[in-house]
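Colleague: Chains as they are written, first to last, in the working numbering: chain A, -5 to 357; chain B, 8 to 380; chain C, 241 to 571.
Calculated from the structure, these hints are not laboratory results. A couple of the hints might just be wrong.
Just the calculated beta-carbon pair ranges, DEER-fashion [claimed, not checked]:
| hint | chain 1 | residue 1 | chain 2 | residue 2 | range |
| --- | --- | --- | --- | --- | --- |
| 1 | A | P77 | B | L44 | 17 to 27 Å |
| 2 | B | K38 | A | T328 | 38 to 48 Å |
| 3 | B | T111 | C | G425 | 46 to 56 Å |
| 4 | C | P491 | A | T313 | 41 to 51 Å |
| 5 | C | Q268 | B | R101 | 48 to 58 Å |
| 6 | B | R101 | C | A334 | 45 to 55 Å |
Cross-link-like lysine-lysine pairs, in silico, DSSO-like; alpha carbons within 30 Å at most [as the list claims (entries may be wrong)]:
| hint | chain 1 | residue 1 | chain 2 | residue 2 |
| --- | --- | --- | --- | --- |
| 7 | A | K111 | A | K154 |
| 8 | A | K76 | B | K38 |
| 9 | B | K103 | B | K73 |
| 10 | A | K76 | B | K103 |
| 11 | A | K76 | C | K247 |
Don't be surprised by glycine CBs; every beta carbon is placed ideally from N, CA and C.
The residues making up each chain are set out below.
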Amino acid sequence: MFWATACAMPPTPTIDRHTAMTEKNLLTVKNLKTLFVMDEGTSTAVDGVSFTVDQGQVVGIVGESGCGKSVTIKSILRIIQKPGQVVGGEILFRQAGGKNGADGEVIDLAKLDGRGKEMRAIRGNQITLIPQEPMAALSPVHTIGNQLIEAVRLHMDVSKVQAAEIAIKRMAEVGMPNPEERMELYSWELSGGLRQRVMIAMALLCNPRLLIADEPTTAIDVTTQAQVLSLLRDLQENHDLAIIFITHDLGVIAQVADDVVVMYLGRVMESGPVDDIFHNPLHPYTKALLASIPSVHGTTRGPLPAIEGAIPHPFNRPTGCPFHPRCASHIPGTCDRRTPVLVAKNDRQSVSCFLQNDAAEED
Amino acid sequence: MTAETAVIDTSDAADAISVAPNWKLVWWRFKKHRLALVGGVVLFFIILIAAFPGFFSTQNPSESNKNGSFIPPQSIVLWDKGPAFYAFAVNGARNKRSFRMEWTIDPTKKVPLRLFATGYEWKVFGLFKTRIHFFGVANPEAGQKFHLLGTDRLGRDQWSRLLHGTQVSLSIGLLAVFISTILGLFLGGISGYFGGIIDMAIQRLIELLQSIPPIPIWLALSAALPRTWSVATTYLAITGILALITWTGLAREVRGRFLVLREEDFVVAAKLSGCSQMRIVFRHMLPTMSSHIIAAVTLAIPVMIINETFLSFLGLGLRPPAISWGVLLQEAQNLQSVALAPWLLLPGVAVIITVLALNVLGDGLRDAADPYH
Amino acid sequence: MLYYIVKRLLILPFLLFVFSVIAFLLIQAPPGDFVTSYVAELAASGSSMDQIQIEALRQLYGLDQPVYVQYFKWITRLLQGDLGISLDFQKPIADLIGQRLLLTVILGLATFFFTFAIALPIGIISATRQYSFFDYFFTVFNYIGVATPTFMTALILMWLAFTELGITITGLFSPEYADQPWSFGRVVDLGKHIWLPMVILGLDGTARLARILRANLLDELNKPYMEMARAKGLSEWRLVLKYPVRLAINPLVSSLGWYLPLIFSGSLIVATVLNLPTIGPLLLRSLIGQDMFLAGAIVLSYFGLAVIGTLISDILLAWLDPRIRMEEASK
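Extracted from the complex, chain A is given alone in its bound form (with noise of 0.2 Å):
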């Protein structure tokens, strides 16, 4: 009955915002912005995301690298390191605390001080992430147990002893075999499956309601990934976990997501439900990302479909519509001009691009 197991709740200053969020939504981020400020100008990593995240829902951040997933969820975690800062916008999440597993308040983690006790007592507790890198992440010279531990301990108020024994259960239900053993290893003499399990184990450790998972399957070969993958999948059915899923991979996010969001230089392009916008894509980046996807039952061996251009350099972003240089469809005097904004294209569906819709942002 460890799933039960309350972590410690802190009091927390809340804002009434219901009005903002429906019951169902446990994360809304709106128009989050992050910039880093350095001498040699300021880069605009994160500007105006927004997106939700619905109880038990897995939503996919898609984009090529640099294009400001991994700030986004820094940000919503509140790490951004100097010279970053997030500079804008809300975090909007629901914090457990009720009881009997019942919602609590909603609480802006944008207002609160990353370094500060509030933050702290959320990040690693009710929202956890899954690094990218399990090797990096881990410390070398301190053993695999202690790290688990300390994570139950600095949440939960339990000795080590019980603590040890929460990250033995945790690591067996992540499939980890002889957890026991495994507790007093080191990280580097683990395979990077099992590291990766580490990981997962430990972001499951204090009963997490948001779990952040930023590119869990980019360090490990194929066949492991796909483990990995359905592993996460079961325990998010399981536990009704919520999941942030960041990933360059499209395949991933089609196996995995229930709604994408398509980002692209710190911008959203496009979101909505996973079949939706495999199927029925509406911006040029989404179209263009989906067509160079290699088919394996393409008939013939001609190259791969590649989007023109590269990634401009983060100091010397294209006015207007970001994707705008390397858009075969953009509109001259518009796209270049006026930076477009996400609006509802219908029910399910919001996406970023004047050749849907007019709406742009004021100058």
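Based on the hints, put chains B and C in the right spot on chain A.
Modeller: For chains B and C alone, coordinates are given in the frame of chain A:
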């Protein structure tokens, strides 16, 4: 939008970065290090002095004066109700009990000074004779004397001795580092490039040498030098002893670099396109490492300077009549001398300033050496 | 772990052998042999030795035999605890250096702990508060610490104490305890005197170690495990102390291999200036006076201290870093 405007300004810079050659990147990064730039400028002046100590001296550094021992420093007056250039004279009187000369500054008597004054004869680079000095007493015929940093036990001019000591100490440092760089480059290069048994052997030798505490060995080796050797021979021997023990650090640095570079794509590419090993090492690998080596060398010089000072200070390095910072500081070895004439510690200040300048410069170079870091 | 330590211990005899050869060569370096110098020294001090005694001495040192036999005889006597006789002092060398060796080790260890106690916090604060006032202040402090030769610090402090306070700060004991056997009062007296040479000796090392730690720590602070630990909800200070400091200390520990020997032999110069009763000034005196058996014994003591220092750092490193333990065990 502010982000956008900043972007336009830097776009040219971003393009420039992608095409700049390596040395230019190093220079750009180095320029940002204000402290390192200051270190470089200070070092420039120190080298200038080391090149022409005679020009900046006011008196023959070996000329002693038994009636002029322990004269305190005479400061230069540059402003006296208008621009001025003179110093106050000193009056000496022998203490009846201790028979020591005691000096007082006489504010009524001025010693006029001038730039490009005529003084004792010295040789430019030991070749051309001249009597011109940067500054000095305006009319030496009148028997007036001026000691910017006072005099020592034998009445020798501390300022002029300090400048000549600069030449010796700095050149010993440079020469010793030069020798150990050659040794280090050679053995480190072989070790890093070929690897295998050669690498093993050289690495074990380096480890063995590094496990020997250097100071007792330095002392013992220097003590074994015959006292009858001339100043020049001792100078070379001391340089050799210093270099012999310090090349190991440089060799390790070079080896480490080689090991990294050997795996780099451009070295593999050169190898595959059939370049000879010599060409790969000298044309491809060494130029890439040069900024690292320059930084390591710059940081090794101050170590040598301090070690020479140690040896000479303890009486086991250069010996009088040679003049080096260590030899000068020997005069300040006991409390009595220091209490009587604190200005005898000033050569130590010269050591500190020089070492500081070299370290700051070396650190700046080292940081700049990795432009892609 | 055990395997690792045994492996280190096995290299020891070899190292000591090489070092003893070096020390022996030093003894052999000056012209003339020991017995001739000894007889001359005796004659100078007014006593003499008959021919039979001189021959016996020659026999003992094997002076008429090849160098390697002489070395063998010397090392055998050494292993039996007979270090020989000092020409200069006319006393057995073991009596001369025993007490001084102990004080050298005490001073070295005191300096060592002082250095770490100061360098660790400075390095951590400088790295975590990069470009802050503290960082700049300590950067300047470190540069000056490295640039100032230890004997300069000693001279300046001695001079200031003499002119400003009117006290002489030399030696490790007050005169009344200088030649006394060990007692509680003597230990207290040592404690009262040791801090100054400790601080002087430690300044240079503190500056160096703090700089190394700062650089290592800055590297570690950008590693992904930092992000992960933050994502766990760890507070910034606990995080820094548990992970990056722990990892940044490893290269620092391996620098002990050279630092501890350096303190022992580096104390030589300060000891000379401050007139401390350690083996340093004795080495200097013996070298200048060509008292080579004494010099050889002291040089060998320094080598021994260096070997022990390296060994301590190796073991410490293996204890701290599981990767090294594993790597060594798997070979």
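Colleague: Take the hints in turn and mark each one as holding or not.
Modeller: Hint check results:
1. A:P77 to B:L44: 17 to 27 Å: holds (24 Å)
2. B:K38 to A:T328: 38 to 48 Å: holds (43 Å)
3. B:T111 to C:G425: 46 to 56 Å: holds (47 Å)
4. C:P491 to A:T313: 41 to 51 Å: About 48 Å separates the Cβ atoms of P491 of chain C and T313 of chain A, which means 41 to 51 Å holds.
5. C:Q268 to B:R101: 48 to 58 Å: holds (51 Å)
6. B:R101 to C:A334: 45 to 55 Å: Holds: the Cβ-Cβ distance is about 51 Å, inside 45 to 55 Å.
7. A:K111 to A:K154: Since the Cα atoms of K111 of chain A and K154 of chain A sit roughly 22 Å apart, the hinted pair holds (cutoff 30 Å).
8. A:K76 to B:K38: holds (24 Å)
9. B:K103 to B:K73: Given that 30 Å is the threshold and the Cα spacing comes to 17 Å, the pair holds.
10. A:K76 to B:K103: violated (71 Å)
11. A:K76 to C:K247: violated (46 Å)
Going through the hint list in order, the structure does not satisfy hints 10, 11.
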